[in-house]
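Trainee: Each step along the sequence shown adds one to the number in the numbering used here, with nothing skipped, and position 67 is 67.
Worth double-checking, as some hints may not be accurate.
[Stated by the list, open to error] Lysine to aspartate or glutamate pairs mimicking DMTMM-like chemistry, simulated, CA-CA at most 25 angstroms apart: (1) K54 with D30; (2) K19 with D61; (3) K54 with D41; (4) K19 with D64; (5) K54 with E6; (6) K54 with E73; (7) K19 with E73; (8) K54 with D64.
Source of the hints: derived by calculation from the structure; they are not laboratory data.
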Amino acid sequence: MALQREGHVLLIGLNRPHKRDAVDRAMLADLSRAYGVLESDPSVRAGVLYAQGKHFTAGLDLIDVGPGIASGELCRALGSANVRLAARSGANVWLAARSAYRR
Numbered sequence: 001m002a003l004q005r006e007g008h009v010l011l012i013g014l015n016r017p018h019k020r021d022a023v024d025r026a027m028l029a030d031l032s033r034a035y036g037v038l039e040s041d042p043s044v045r046a047g048v049l050y051a052q053g054k055h056f057t058a059g060l061d062l063i064d065v066g067p068g069i070a071s072g073e074l075c076r077a078l079g080s081a082n083v084r085l086a087a088r089s090g091a092n093v094w095l096a097a098r099s100a101y102r103r
């Protein structure tokens, strides 16, 4: 995952194009850290989530995260404060930008 700042904006790039940017455990951890930056840094006013490949995301990588979902371990981990932040509204703005479709 690519994480960079441009002024007051935090840019978060999904970077698993070989898997159509399907979200695995590592990406979930990276997203959690990015949400933490957005919440804790008052100079960040907005976050933009985008794909570096030609697909925005295929969703969860079930081969990677499926066992954690089945055991409940991943569900408990998703209850962390940073992940809950993604679901609540706050002072900061999140944008999701899909990548351009190319044939």
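Trainee: Any hints this thing doesn't respect? Which numbers, in order?
Mentor: 3 and 6
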